[in-house]
Structure formats: structure tokens, C-alpha cells
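Given chain A, work out where chain B should sit, using these hints.
Line by line, the protein sequences give chains A and B.
Counting from 1, one number per residue, gives the positions in the first sequence under our numbering.
Counting from 1, one number per residue, gives the positions in the second sequence under our numbering.
By construction, these hints were calculated from the structure, which means they are not laboratory data.
Below, simulated BS3-like cross-link-like pairs (lysine-lysine); rule was C-alpha separation at most 30 Å, straight line:
(1) A:K57 / B:K200
(2) A:K189 / A:K467
(3) A:K344 / B:K137
(4) A:K57 / B:K22
(5) A:K189 / B:K325
(6) A:K22 / B:K137
(7) A:K344 / B:K262
Computed beta-carbon distance windows for the label pairs:
(8) A:K450 / B:R133: 47 to 53 Å
(9) A:R164 / B:T380: 55 to 61 Å
(10) A:N390 / B:P345: 53 to 59 Å
(11) A:E10 / B:G103: 50 to 56 Å
Cβ coordinates follow ideal geometry from the N, Cα and C atoms, glycine included.
There are 2 protein chains.
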Amino acid sequence: MAKELTTREENYSQWYNDLVIKADLAEQSAVRGCMVIKPYGYAIWEFMHDALDKMFKDTGHVNAYFPLFIPKSFFSREADHVEGFAKECAVVTHHRLMNDPNGNGVVVDPSAKLEEELIVRPTSETIIWDTYRNWIKSYRDLPILCNQWANVVRWEMRTRLFLRTAEFLWQEGHTAHATKEEAEAEAQKMLGVYTEFAEKWLAIPVYQGVKSANERFAGALNTYCIEAMMQDGKALQAGTSHFLGQNFAKAFDVKYLNKENKLDYVWATSWGVSTRLMGALIMSHSDDDGLVLPPHIAPIQVVIVPIYKSDDQRVAVNARCLELKSRLEAKGLRVKYDDRDTQKPGFKFHEWELKGVPVRLAIGPRDVEEGTAELARRDTMTKESLSIENIEGNVADLMDVIQKNLYQKALDYRNSHTYDVDNWEDFKAQIEKGGFVHAFWDGTTETELKIKEETKATLRFIPLDVKEETGVDVYSGKPAKMRVYYAKAY
Amino acid sequence: MAKELTTREENYSQWYNDLVIKADLAEQSAVRGCMVIKPYGYAIWEFMHDALDKMFKDTGHVNAYFPLFIPKSFFSREADHVEGFAKECAVVTHHRLMNDPNGNGVVVDPSAKLEEELIVRPTSETIIWDTYRNWIKSYRDLPILCNQWANVVRWEMRTRLFLRTAEFLWQEGHTAHATKEEAEAEAQKMLGVYTEFAEKWLAIPVYQGVKSANERFAGALNTYCIEAMMQDGKALQAGTSHFLGQNFAKAFDVKYLNKENKLDYVWATSWGVSTRLMGALIMSHSDDDGLVLPPHIAPIQVVIVPIYKSDDQRVAVNARCLELKSRLEAKGLRVKYDDRDTQKPGFKFHEWELKGVPVRLAIGPRDVEEGTAELARRDTMTKESLSIENIEGNVADLMDVIQKNLYQKALDYRNSHTYDVDNWEDFKAQIEKGGFVHAFWDGTTETELKIKEETKATLRFIPLDVKEETGVDVYSGKPAKMRVYYAKAY
Numbered sequence: 001m002a003k004e005l006t007t008r009e010e011n012y013s014q015w016y017n018d019l020v021i022k023a024d025l026a027e028q029s030a031v032r033g034c035m036v037i038k039p040y041g042y043a044i045w046e047f048m049h050d051a052l053d054k055m056f057k058d059t060g061h062v063n064a065y066f067p068l069f070i071p072k073s074f075f076s077r078e079a080d081h082v083e084g085f086a087k088e089c090a091v092v093t094h095h096r097l098m099n100d101p102n103g104n105g106v107v108v109d110p111s112a113k114l115e116e117e118l119i120v121r122p123t124s125e126t127i128i129w130d131t132y133r134n135w136i137k138s139y140r141d142l143p144i145l146c147n148q149w150a151n152v153v154r155w156e157m158r159t160r161l162f163l164r165t166a167e168f169l170w171q172e173g174h175t176a177h178a179t180k181e182e183a184e185a186e187a188q189k190m191l192g193v194y195t196e197f198a199e200k201w202l203a204i205p206v207y208q209g210v211k212s213a214n215e216r217f218a219g220a221l222n223t224y225c226i227e228a229m230m231q232d233g234k235a236l237q238a239g240t241s242h243f244l245g246q247n248f249a250k251a252f253d254v255k256y257l258n259k260e261n262k263l264d265y266v267w268a269t270s271w272g273v274s275t276r277l278m279g280a281l282i283m284s285h286s287d288d289d290g291l292v293l294p295p296h297i298a299p300i301q302v303v304i305v306p307i308y309k310s311d312d313q314r315v316a317v318n319a320r321c322l323e324l325k326s327r328l329e330a331k332g333l334r335v336k337y338d339d340r341d342t343q344k345p346g347f348k349f350h351e352w353e354l355k356g357v358p359v360r361l362a363i364g365p366r367d368v369e370e371g372t373a374e375l376a377r378r379d380t381m382t383k384e385s386l387s388i389e390n391i392e393g394n395v396a397d398l399m400d401v402i403q404k405n406l407y408q409k410a411l412d413y414r415n416s417h418t419y420d421v422d423n424w425e426d427f428k429a430q431i432e433k434g435g436f437v438h439a440f441w442d443g444t445t446e447t448e449l450k451i452k453e454e455t456k457a458t459l460r461f462i463p464l465d466v467k468e469e470t471g472v473d474v475y476s477g478k479p480a481k482m483r484v485y486y487a488k489a490y
Numbered sequence: 001m002a003k004e005l006t007t008r009e010e011n012y013s014q015w016y017n018d019l020v021i022k023a024d025l026a027e028q029s030a031v032r033g034c035m036v037i038k039p040y041g042y043a044i045w046e047f048m049h050d051a052l053d054k055m056f057k058d059t060g061h062v063n064a065y066f067p068l069f070i071p072k073s074f075f076s077r078e079a080d081h082v083e084g085f086a087k088e089c090a091v092v093t094h095h096r097l098m099n100d101p102n103g104n105g106v107v108v109d110p111s112a113k114l115e116e117e118l119i120v121r122p123t124s125e126t127i128i129w130d131t132y133r134n135w136i137k138s139y140r141d142l143p144i145l146c147n148q149w150a151n152v153v154r155w156e157m158r159t160r161l162f163l164r165t166a167e168f169l170w171q172e173g174h175t176a177h178a179t180k181e182e183a184e185a186e187a188q189k190m191l192g193v194y195t196e197f198a199e200k201w202l203a204i205p206v207y208q209g210v211k212s213a214n215e216r217f218a219g220a221l222n223t224y225c226i227e228a229m230m231q232d233g234k235a236l237q238a239g240t241s242h243f244l245g246q247n248f249a250k251a252f253d254v255k256y257l258n259k260e261n262k263l264d265y266v267w268a269t270s271w272g273v274s275t276r277l278m279g280a281l282i283m284s285h286s287d288d289d290g291l292v293l294p295p296h297i298a299p300i301q302v303v304i305v306p307i308y309k310s311d312d313q314r315v316a317v318n319a320r321c322l323e324l325k326s327r328l329e330a331k332g333l334r335v336k337y338d339d340r341d342t343q344k345p346g347f348k349f350h351e352w353e354l355k356g357v358p359v360r361l362a363i364g365p366r367d368v369e370e371g372t373a374e375l376a377r378r379d380t381m382t383k384e385s386l387s388i389e390n391i392e393g394n395v396a397d398l399m400d401v402i403q404k405n406l407y408q409k410a411l412d413y414r415n416s417h418t419y420d421v422d423n424w425e426d427f428k429a430q431i432e433k434g435g436f437v438h439a440f441w442d443g444t445t446e447t448e449l450k451i452k453e454e455t456k457a458t459l460r461f462i463p464l465d466v467k468e469e470t471g472v473d474v475y476s477g478k479p480a481k482m483r484v485y486y487a488k489a490y
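Isolated chain A (complex conformation):
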């Protein structure tokens, strides 16, 4: 099975597509640009969901649910927002089908035209702030710290599984605050939550930054982001957190009585991560043999494969496998015992490698006799014979070792693919090779856009902890006060 994967070297993009399909993560549906997330892929998403959801709740947030549809007129209320989203949205115009009077099956009933068209939400700021207007009267009603887990639709023309799909799953936090400072602090706090999640759970090292004006979310005053480096040298934005100022409060007339008994507009943030993280996860760790999953979010952490020829052997091996399974499970590990008799061990080995299971235990008749098991690590592809004495403790410890190893490997890769560059020739050459390019910027959108035009690289972020330095813009030659990060990106 794994042999059928295109290698990364050969064609990285094809490798990714092959892997998503062959590891049973997702597939295209009959609806253009919409994916089916298959059970194995969805199980990984569920671990992401559960970990994030707990982090949100631990930081005082609650979940709620807002409508799928947004009245068209809501989009016109915030000028930047409509520019950002109007060009790629699904529009509901009718609410009924009927039998075609000419006998051509089912057609839209023209008499069921909506008075106002509805947009399938591409993001929910507008409908949520329309709702918040009724929830907020005074400073006592603030802050509001809501999150929503939902599907959203953006009518992308070129789609790729997980990375860019017309429909995707995400969470969107929408908070309301009495002061600017509190809202800014919230936006940054959630960036911190995303950073911790990406690094601790997904083992993906990320840079924390803030977007240039040109790359901001439509309607935001500040867009914070986490950015990761994929194995092909392209950057991937893994999460964003926006300080929205009072833009949406003004657009939807959301005011509160402050402690001085004066009316003021409410301050806002929004922040989100999506099933795009599945793409980041895949491209950070996987290899030419298939998926490599960090143990924390692996649906199966240990797979046990029995090896036998005779029936007697099968009985003895089976008993040992079941014993180990229950010992490992008692330790809290997620274990699959692959006792299918329709497939040979070699086939199973390949299949679970392809699916990225962190640890494989193979048990044969000799292992039963000698009290051993053959342990194979997916991250290093190494094998060793291990005593079954306290195997559950050793395998549990190994999970942490693997988790850290994957993070370290990705961190080394990212760091060794981040380059300080000081002149335009080097800049162009390095962008062509890939990686983050760290270079002086004069602070203008003009320069940023010209660089994009000439190299296809975008200004990924200004580091959150940027130092003021004196230098010269790598492209324009004008004075510059800081270095920023450029890359080609997903």
C-alpha cells in the first residue's frame, strides 16, 4: 500500500494528495470543493476539538450556536468585511423545489423566492454582533466570551483537501469587552492558547506574529497569527486572532453604559482555527511511508499485530496479545488489536505505518515463550525487542518521547529553514528555495505588494516580540526599522 505513495521528492503536492486519500483521512465529494472527512480523519479532528475546547473553557469561554445563514444586508454594514467575503459565498435565494411541469424532474419553485437572499456564513461576526446588541446593556454584561464550533462556506475556486475547501469545520470565538485594552489582551491571550495547542498537541512549532495591514482579516484593526513551516519550505497560517476594535459594534450599533454611566461602543475580538490544521499536521510530520501522528492526537496510539503459522501458535499469541492490550489500555493508551485473519502481518505493518500509528507491537510464538514483543516506532522507523515486563509503563513513557521528538524534529527543520537575508538577490534566491526569509521592511504596503508580485512571497508576519533595529529595506532600499518574515505560503 505505502509503496503507492508518490514521494515528497518526486512531487510534494501529489504526495500530500495521495496521503490524504490513502490514509483514509478525507476525499472529494460530489459537491465541488466540499470534502468528506472520513472516520479516521474525523477522529483526529475530534482530538483537536476536545483539546482546544478544554483550553477555551479553562480560559473562561463558553460555547453557543448562531445561525448558519446571514441576511445579505448584514454584509454591507462593515465596509471592509463585505469586500473580503462577498466574492466567494454561497447564496440562498429560494426555499422550495417543485416537480417540473414539463416533466424534467425537480426544479426550483420560482414562487418561493426569498425577499432577502441569505448567505451561508463564511464567518459569523455580523450575525453574532447583531445578536450581541440585545445581550449587552451595561458594563455588567461584559465581557462576553463565546465560542462556536461550526461549518462555514467560502466559495474557493481552487480547492485542496483540508487546506482550502469550500466548506470547512472550525471554531470561531467572538468576544465583547468594555475596554480596548481588555480586547487587545484577549486577542493576544487566544493567540497564546493556539500556540500552546499547536506546539504541545500537534507538535508543530509556530512563530507568533501580527499581520501587516494588507494581510489583515476583513474588518480587523490587528490580526495576530501563528505561522508554521511545512516540509516543502512553504509557510502555513495555522490560526488567527483578531482585534476588531469597535468596527462591528459600530456597524451593528452595540453600545453599553460604562461605569461613568455614559454610552460607548463595545470592543471586539474574534479568533479561529479550522480543519486546515489537519493539513498542517500532515505536512509537518509525515514521510514517504505515510502519515506520522503525534501520540497526543493519534486515534490509535499502539497497534498490536499477532504473528503465527499454526493454530496452536495462534491461540498462544492471541492470548498474549489480548493480555498486553488490556494492560496498555489500563494505562490509558488507545490500542488497536489487529487480529484480522484476512490479511498478512506485512500488509498490516504497511497499513498502520501509512496511517501513522506511533507504536506497533508485533507478537510471535517466540515472543510468547521469551516474554518479549517487537516494538516499532513510526517516527524513527526503528525496531527493538522489548521485555513485556512493565511494557505498559515503557510504552506510555515512549509516547512522550515520540511527542517531543516530533516537535524537536519539526523545530530543527523550521529553524534551519529560517534565513536572515540582507539583499534583494539573496532574497529572491532564498524565496525560490523555500523557508522563512527574515529581512528588513520599510513598513509600506507598496513594498510588500511589489515583493509579492515579483516573488509570490507574502509578508507572513511581523514578530510579536519584534525589536526595533535600524536597517535598509531589502527591496526598496529605503530606511527600515524592523525585520519581518516572508515566505511562499499555503
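Just chain B now, with coordinates in the frame of chain A:
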């Protein structure tokens, strides 16, 4: 606050609407028929989700995610299905907005018309069976036991929060099997899961039954259901599980190679429960003081309210409350300490009664001295003074007592509102008064529809364990072989 609730006696329907709003469960949105599920309401739904999800996984099911949109032509493939859903669906016809050339804001871009319209899923049989065609080759690929948590849209003309909304949240299980027997067994198994969930978690007693042909799901050969009795004497269908035969396999050409190496169509089931359960929960237990929540799904199980006048008292009471809070939490209870200094205890008492918190503990200075707390039960509205010695154990035990009491109360109500009726005059009179009417049926749709026409009662279900008896149809006077259940219903 609670005083503003309409009483059930006065106007049951208004009582329900008031309660949903005032207990902060949900509200209408700016989009016709679509609700906002507020954080407190959503938290209850999350407990329902988590409990059900575990039960599904424990019975071998996995989650997946299928597209929100369904190509219009898919609906025509299964004749009954299109009849059932075409009349109430949201139709996407365009994929872009644009600025009105006449300056009237944003309008639909006529050049972005879709070649084929997309329907926002009202249920996902069609798109899922279109997908299953590629997943199923032989009997080795079966069974497929998928569930999906999703939003769906049915363009209802008359909507009510939770009970009937244009968009709602639900889960839909879709399974594929090699044999008819296995599919039938699956449909019945999931009915059992729903029954256990309704009774053990929601404390709602339900009858298990099968629908008459006339009330079947569009495309099903058999629709199993659980039916509950609300406090106004109306029935509520709380969940359904469908045996779909080979209808969808035939419509989407899903065949498998059986063990005899012959091609055959695959057998199907689907089953679902929705946010409608929130309505069932509210109407089963709540009273004129507000919501009454079974402890198993109460977001807050115990609220602690401090009572003090002087500052010294505040300090002592606060310390005791915090101590009790952590002792209760250590016991696994979900505890809220309401230490707001902006509201008086009486206000808090009413608010938490309105929100249905099962147990309230009030602690005053005398309680601190005497080592007691005042415990109030929401289900019985009784109060007692309790020693704080092992209070965590006693309160934890009380949760089970309350859970069982709510179930028993609802069961007694349901049983005392189920009537055996043997003639048409009694039938009409009883239906008018409310409750389930258990009467002989001649087995014809004709009789069923006439009864509906004359009384607005529907044939709710044929009991799963129906006994064959000899009798006379209560309406037609024709020979009848069994008694079935009628009621007016939500």
C-alpha cells in the same frame, strides 16, 4: 424574575416560550426561523452530545463528516424522499455577490449562477449513499457504522424554539449492512440506545414503537420511534430510527460482492435525534417557577449562595462557601459559587430556580457557627438544614435521588395519561383532554387519516411489543388485530 413566567395553567404554549427565553436557553435570530442557542442552553446540549456520542462509540460507531450541500438532482433519485423534503428546503443558486452598479449596496452577481442548484441538507441519506458507493466493494467492507453531528435545514413555515426551527442541530447515523436482518437489528439497537438515553440521562420515560406506513420517514421501509408525553397532554416524538431496506442503495447504485461472489444491493439504516430533545426536556420536568433539570445533564448541579450583612460575616461565610465548593467539586459535582455582590440572595434564589439548578446551598453566619447549610431541592422545592459533615457525599447521593424522582414523576404522569378507549365518543373526548389513547386499529391508512381529520390526533406508534388481540376499530368498526397509540402531538 420567575414571577414573570406565564403559568402552565394560564397558557402552556406561552409558558414554554417564556421559559426558553428567561432561562437563557435560546432566542430567535434575525434570520426567520433560525434560533440562537445561548450558552446555558448550549451547555445542556453539550451534555446530551457527550452522553450520546459515548453510547454510539460504545456500540461500535464512528463519526465522520459529509457535505452541507446536496446536488439538486440527488433528491430526485429516491421518489419518496424528494416528496418528503423538496417542499421545505433552502436552495443555493449563486456563489457570489457584487456591488450594485446602481449603488444600492450588495446584490447577487447574476454571472455567478450555479450550473446545478445545491440544497442545504435537510438530512443526508442521498449524499452519504453517493459516497458509500465508493467505499463498498465486498462484504468485507461491511458493516459501515457512521454517525455525523451536523446542522440541517428544513424550511418550516411555523417555527418554535427547539421544537421546530428552520435550522437545527442533530446527529444522523447512517449504516450499511450485508443483510436485511443485520440492518433491521441495527435500527432496533439504536432505538434501544435512544430509549436508554432518554430515560437514564433526560429522565424522560418513552414508549418504543414503530410508525404506521403513513407516518414513515420519506424513503424508509420501517420507522421506529420513541414517544414521550408532555405536561399538556401532547405527545412528542423524541427520536427515530429507520430501516431503509435497499432503497438508497438502489437509488445510488451501491452494490457489494457477497460471500457467494454475487453482486447484491446493500441494506441501510439511518437514525437521529436533534435539539428538539431540548424541548422535550423542558416540557417534561419544568414548572411555573422555571426550568427543572435532571442532574445528569445539568451544567450546574449545585449553586452556593452566601448570605451576610456585615463585612466580618462576609469573610467568614465566603471562606465556608469556598471550602464547600472545593469539597463538592472533589466529589465530581459541577458547582457554581454565586458570590456576586450586585444582587441580593432572594434574587439569586429565583434566578437559579428559573435556570433549573437541582440543588441550592445557602450559607449564612449561623450556618458557619453551627456547621450547617440550608439545602433546597429544585424538584420538590423543599428546604432543610443539613450538617456539613460529609455534605459532599450526601449531595452526590441526592443527585441520584433527584434524577430518579424526576423520572418517576414523569413516568407516573405518562402512565396516568395513557387511556384504553373502546368507542368513538370516548376516543374523541379523551383526545380533546390530552394524553395517549390506546385503541383498536383496523390497520388501514384510510382510518388513520380520517381520525386525524376529525380529531387532529395522529397515530403515534404501534408498540414494539404489540400483542395480537381481536377487537373492533374504534373509528371504522371494522375488525382489528391490535391496539395502537394515538395523541395530538408536537
